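Quick note, the sequences are listed as chains C, U and B, same order.
For the first sequence, this note's numbering gives the first residue as 1, with consecutive numbering after it.
For the second sequence, this note's numbering gives the first residue as 1, with consecutive numbering after it.
For the third sequence, this note's numbering gives the first residue as 1, with consecutive numbering after it.
What the hints contain is simulated information worked out from the structure, not anything from laboratory work.
These numbers were taken from a predicted model, which means no experiment stands behind them.
Some hints could be false.
[What the hints assert, rightly or not] Heads up, simulated EDC-like pairs for lysine to aspartate or glutamate below, C-alpha to C-alpha not over 20 Å straight-line:
| hint | chain 1 | residue 1 | chain 2 | residue 2 |
| --- | --- | --- | --- | --- |
| 1 | B | K228 | C | E190 |
| 2 | C | K30 | B | D153 |
| 3 | C | K68 | U | D34 |
[As the list claims (entries may be wrong)] Here chain C is said to cover these stretches of chain B; the calculated rule only asks that three of the stretch's residues, wherever they fall, bring their Cβ under 8 Å from a Cβ of chain C:
| hint | region |
| --- | --- |
| 4 | 27 to 33 |
| 5 | 36 to 47 |
| 6 | 126 to 134 |
| 7 | 209 to 217 |
| 8 | 255 to 261 |
Note that CB positions come from ideal geometry on N, CA and C, so glycine has one too.
As a plain string of letters, each chain reads:
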Amino acid sequence: MRKCSLNSLNAVFEKLANDSALYMPVDGDKGADYKKWEMGDELSSALNTNRSAKDFFFPQTENLMEFKVSGKEIEVIDTRDEKEDFVVFGVRACDAKSFDILDTVFLSEPCDSYYANRREHATIVTLACTRPSETCFCNVFGIDATKPTGDVTCWKTADDMYFEANNEKGKAFIEKIADLTEECDSKAVEEQQAKTKEILKKLPLADLKTEKFGKDKTAEFFDAPEWRELSTSCLGCGTCTYVCPTCQCYDIKDYDTGHGVIRFRCWDSCMYSEFTKMAHGNNRLSQLERFRQRFMHKLVYYPTNNDGVFGCVGCGRCLAKCPISMNIVKVMKALGGNDGE
Amino acid sequence: MNNRSEVLIPKVGVITDIRIDTPDVKTFRVVTPDGKKAFDHMPGQCAMLSIPAVGEAMFSITSSPTNTEYMEFSIKKCGCVTEWLHQAQVGQQITIRGPYGKPFPVKEVFEGKDLLFVAGGIGLAPLRSVINYCRHYRDKYGKIDIVYGSRSKEDLVDYAEIITEWMEEDGINVHLTIDREQECWDGHVGFVPNYVKELNFDTNKTVIICGPPIMIKFTLEGLMSLGYDKTQVYTTMELRMKCGVGKCGRCNIGSKYVCKDGPVFRCDELELLPSEY
Amino acid sequence: MQKITCESLIEKACELIENGTVSRVIGWKKGEFDYDLTPAVFANADEIKKNFIYNDFSGANFSKYLIKETRKGEGKVLVFLKPCDTYSFNQLLTEHRFDREKVYAVGIPCEGMADIAKVKAAVGDGILKITSEGDELIVENLYGDVNKVKLADVLAERCVNCKSKKHTAYDELMGEDGEILDNNRFDEVEKLENMTEDERFAFWQNELSRCIRCNACRDVCPACTCEKCVFDNPKSGVENKAIADSFEEKMFHIIRAFHVAGRCTDCGECSRVCPQNIPLHLLNRKFIKDINTFYGEYQAGEVEGSRAPLVNYTEEDIEPNDAVKREE
Numbered sequence: 001m002r003k004c005s006l007n008s009l010n011a012v013f014e015k016l017a018n019d020s021a022l023y024m025p026v027d028g029d030k031g032a033d034y035k036k037w038e039m040g041d042e043l044s045s046a047l048n049t050n051r052s053a054k055d056f057f058f059p060q061t062e063n064l065m066e067f068k069v070s071g072k073e074i075e076v077i078d079t080r081d082e083k084e085d086f087v088v089f090g091v092r093a094c095d096a097k098s099f100d101i102l103d104t105v106f107l108s109e110p111c112d113s114y115y116a117n118r119r120e121h122a123t124i125v126t127l128a129c130t131r132p133s134e135t136c137f138c139n140v141f142g143i144d145a146t147k148p149t150g151d152v153t154c155w156k157t158a159d160d161m162y163f164e165a166n167n168e169k170g171k172a173f174i175e176k177i178a179d180l181t182e183e184c185d186s187k188a189v190e191e192q193q194a195k196t197k198e199i200l201k202k203l204p205l206a207d208l209k210t211e212k213f214g215k216d217k218t219a220e221f222f223d224a225p226e227w228r229e230l231s232t233s234c235l236g237c238g239t240c241t242y243v244c245p246t247c248q249c250y251d252i253k254d255y256d257t258g259h260g261v262i263r264f265r266c267w268d269s270c271m272y273s274e275f276t277k278m279a280h281g282n283n284r285l286s287q288l289e290r291f292r293q294r295f296m297h298k299l300v301y302y303p304t305n306n307d308g309v310f311g312c313v314g315c316g317r318c319l320a321k322c323p324i325s326m327n328i329v330k331v332m333k334a335l336g337g338n339d340g341e
Numbered sequence: 001m002n003n004r005s006e007v008l009i010p011k012v013g014v015i016t017d018i019r020i021d022t023p024d025v026k027t028f029r030v031v032t033p034d035g036k037k038a039f040d041h042m043p044g045q046c047a048m049l050s051i052p053a054v055g056e057a058m059f060s061i062t063s064s065p066t067n068t069e070y071m072e073f074s075i076k077k078c079g080c081v082t083e084w085l086h087q088a089q090v091g092q093q094i095t096i097r098g099p100y101g102k103p104f105p106v107k108e109v110f111e112g113k114d115l116l117f118v119a120g121g122i123g124l125a126p127l128r129s130v131i132n133y134c135r136h137y138r139d140k141y142g143k144i145d146i147v148y149g150s151r152s153k154e155d156l157v158d159y160a161e162i163i164t165e166w167m168e169e170d171g172i173n174v175h176l177t178i179d180r181e182q183e184c185w186d187g188h189v190g191f192v193p194n195y196v197k198e199l200n201f202d203t204n205k206t207v208i209i210c211g212p213p214i215m216i217k218f219t220l221e222g223l224m225s226l227g228y229d230k231t232q233v234y235t236t237m238e239l240r241m242k243c244g245v246g247k248c249g250r251c252n253i254g255s256k257y258v259c260k261d262g263p264v265f266r267c268d269e270l271e272l273l274p275s276e277y
Numbered sequence: 001m002q003k004i005t006c007e008s009l010i011e012k013a014c015e016l017i018e019n020g021t022v023s024r025v026i027g028w029k030k031g032e033f034d035y036d037l038t039p040a041v042f043a044n045a046d047e048i049k050k051n052f053i054y055n056d057f058s059g060a061n062f063s064k065y066l067i068k069e070t071r072k073g074e075g076k077v078l079v080f081l082k083p084c085d086t087y088s089f090n091q092l093l094t095e096h097r098f099d100r101e102k103v104y105a106v107g108i109p110c111e112g113m114a115d116i117a118k119v120k121a122a123v124g125d126g127i128l129k130i131t132s133e134g135d136e137l138i139v140e141n142l143y144g145d146v147n148k149v150k151l152a153d154v155l156a157e158r159c160v161n162c163k164s165k166k167h168t169a170y171d172e173l174m175g176e177d178g179e180i181l182d183n184n185r186f187d188e189v190e191k192l193e194n195m196t197e198d199e200r201f202a203f204w205q206n207e208l209s210r211c212i213r214c215n216a217c218r219d220v221c222p223a224c225t226c227e228k229c230v231f232d233n234p235k236s237g238v239e240n241k242a243i244a245d246s247f248e249e250k251m252f253h254i255i256r257a258f259h260v261a262g263r264c265t266d267c268g269e270c271s272r273v274c275p276q277n278i279p280l281h282l283l284n285r286k287f288i289k290d291i292n293t294f295y296g297e298y299q300a301g302e303v304e305g306s307r308a309p310l311v312n313y314t315e316e317d318i319e320p321n322d323a324v325k326r327e328e
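Extracted from the complex, chain C is given alone in its bound form (with noise of 0.2 Å):
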């Protein structure tokens, strides 16, 4: 374990962002957002950014290839380009975790090329939480929020940032940054772990049920008649589905500039009215199937397909942000996640 007084952490950030494009989350009048570090800019000490990490690996819109269209004749341009290293500083244990559930859709075979391009060439640096908002729910999912994965694992704690690399790649960052960190015992840190992890056992949230949910559980749940009350007021906006870190599904389509086609991916929602119309008709036509696919997604069609790892990461945000105060948590809550309350 290697660390820096907080002092020096702008010259850490410095040399970082000389080598290649740093990105960490910085306060702005709205809320925490991930920002391309200035000197100047200061790590923000918010436990959520507005929009997810996603968006370095999953942008909310990318151009996927061009076409040249002339008379009767296509051609098909391949515009991918090899993407160029960078570091994402700061990123909290659940949005870290979302990226592995995000791997296993894009990188499963066959591999999308796009995704797989700017995962290769980032760097992710987690650093641990302290201060758990009412709204986190990691824990629930197995995560642990004093001890992040990624490719480097910080700890800020009142006076140094702790720097620890949990593989080959994060040992290369520990190395750029070695003339400007020293070697140190993990004292310190495990004191603040100590400390954080008993906050996070009076989480309101920390004995949220997930064991009722799972894989194969689709019979139980799919006729559930809470649905119907649970979805009742949802508006059918896309909020709970943009802002969550492991929410990824896309829409292609074409747009024609004039001068050529350009056929881009963008994010998309369940929860949208189209989302799954064809031309000869509609299989979800109701808000309230619409609903029960996205919480019947994370709870348990995710899980069917992978080992029973649920699609949440307990990040908070839909909580914070849905317009009805509709959640995750609820529907869990609802659906007899928690006998008794």
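Knowing the structure of chain C, use the given hints to seat chains U and B on it.
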């Protein structure tokens, strides 16, 4: 970067022949610009066809894999992409990618069995690939029965091939039906599910069925009443798709994605999925 | 003014459902915390007693829910309306969007609703409990702290600039009715007007480029009630995000602002729900201010059945050319 493969980037295909099948179905023959087949496939698999700036859509490959020269797609006019294709001329280029999905188990399950194909309207398109595959390897398959129905005689897809080839072959029985009486039609009249029951097939057959959902539903009920088991019946599904490779997230029925876990399902497997299709 | 209590609303709702005046009640349902209330439809007194809640976070405007709710079921539906909600209510009636006969509206006074983001900004995260005491909120957190914050300091933007404490529609009123207020709601618009064109463009570019096209502003908006929205039509070419580096969010929001011009009551739901905290109400307020300037003071939803200036030609109407010139 361009050494990374990417399934979303399609190949160029050329339409080399357009056959008018019915008032709203045309069959398009597609090859690459250098005159080859775009890729190999198995019966029941699909391909993504697109016209830049119009859209991309999934179609079942109608031709048999044993056709080594070209692929065919029988396409009914019903949305943006299909409407555009229907006004296209021979020589038009499109884009094509695939093959997608799990094929019919023509080797693993169908070999050595008597086969019963049941199709309604454009539902014949995916089955034609299987039928012609089985005809090509005729000695590997038992008796073949084909029940095919549509609204009228004019709406029967591939009518010429059915009459001149399928009906002429030994060991293949074709049972055609149309919904209502019509001049110049001395064949059977009535809906497909009832006709299947009337024909009272032996229950030793493996059934491959495709057509409108309502036809599938009632035909299945009919087959059950004849003594069939759902494990003997295969069908192929269609839902909205964008990527074709299980990532865009919209063609799922429960935990299964039609594009990669389907489109071919055995009816008992389908029964385990939620009724959201 | 006496603050209305949750108990009195529960009592009223139970009374009306038990005496058969209404068959259902649209209300706020308790959440996991004291601030995450969900709009819900209650069908009996037991449910109401168990889950109905009214507190400083009962911000949601229920008017739009009446469209869906009046189309189903027998009997009337009870809706509680804060003064600002009644403007949306009237505007929807003016546009014949629901059957007035199927609604029993109870007006409730409002001293302004709190914005949880502002509460958190003031006293920090990790909130376990929020209680109201006089004009203060008592906030207890995970870390054992108890903080006090004045409600006036954490009011939602629309409440800071409250336009009216007067109910413009109701069947029954609880408590006393208030007055239409003098307010400073156009101050922010004036700031934008005083910018140079480039500054203003930069302002909106910065704000709107954060848009994620979740459509929450549209879906919550009581003026956005088209059965089929152009932004849901895949053939429109504008139903989703556009190619990278384009700026189509601008188009989305400007089309929307134009479409609700003259009908927007300035209820502020769009800005309340925006997950990216974009001050969307400023676009609509600019239209309201311009309509006031060009056609005389007009408040959508103040009077049921009123003809908005934009759909009511009079000979005194300003000539379009003059309107453009005055803008310059």
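To see whether the hints hold, each was checked on the structure:
A threshold of 20 Å between alpha carbons decides the hint, and for K228 (chain B) with E190 (chain C) the separation of about 57 Å lies outside it, so the pair is violated. Distance hint between K30 (chain C) and D153 (chain B) is fulfilled; the C-alpha atoms sit about 17 Å from each other, no more than 20 Å. In summary, the hint linking K68 (chain C) to D34 (chain U) is supported, as the alpha carbons are separated by about 19 Å, within the 20 Å threshold. Check on the region 27 to 33 of chain B: 3 of its residues sit with their Cβ under 8 Å from a Cβ of chain C, so the three-residue criterion for coverage holds.
Residue count for the region 36 to 47 of chain B with a Cβ under 8 Å from a Cβ of chain C: 6. That meets the three needed, and the coverage hint holds. Proximity of the region 126 to 134 of chain B to chain C, defined as three or more residues with a beta carbon under 8 Å from a beta carbon of that chain, is established by the 3 residues found. Only residues whose beta carbon comes within less than 8 Å of a beta carbon in chain C count, and the region 209 to 217 of chain B has 6; three or more means the coverage holds. For the region 255 to 261 of chain B, the stated coverage by chain C is not satisfied: 0 residues place a CB nearer than 8 Å to a CB of that chain, which falls below the threshold of 3.
The structure shown violates the earlier hints numbered 1 and 8.
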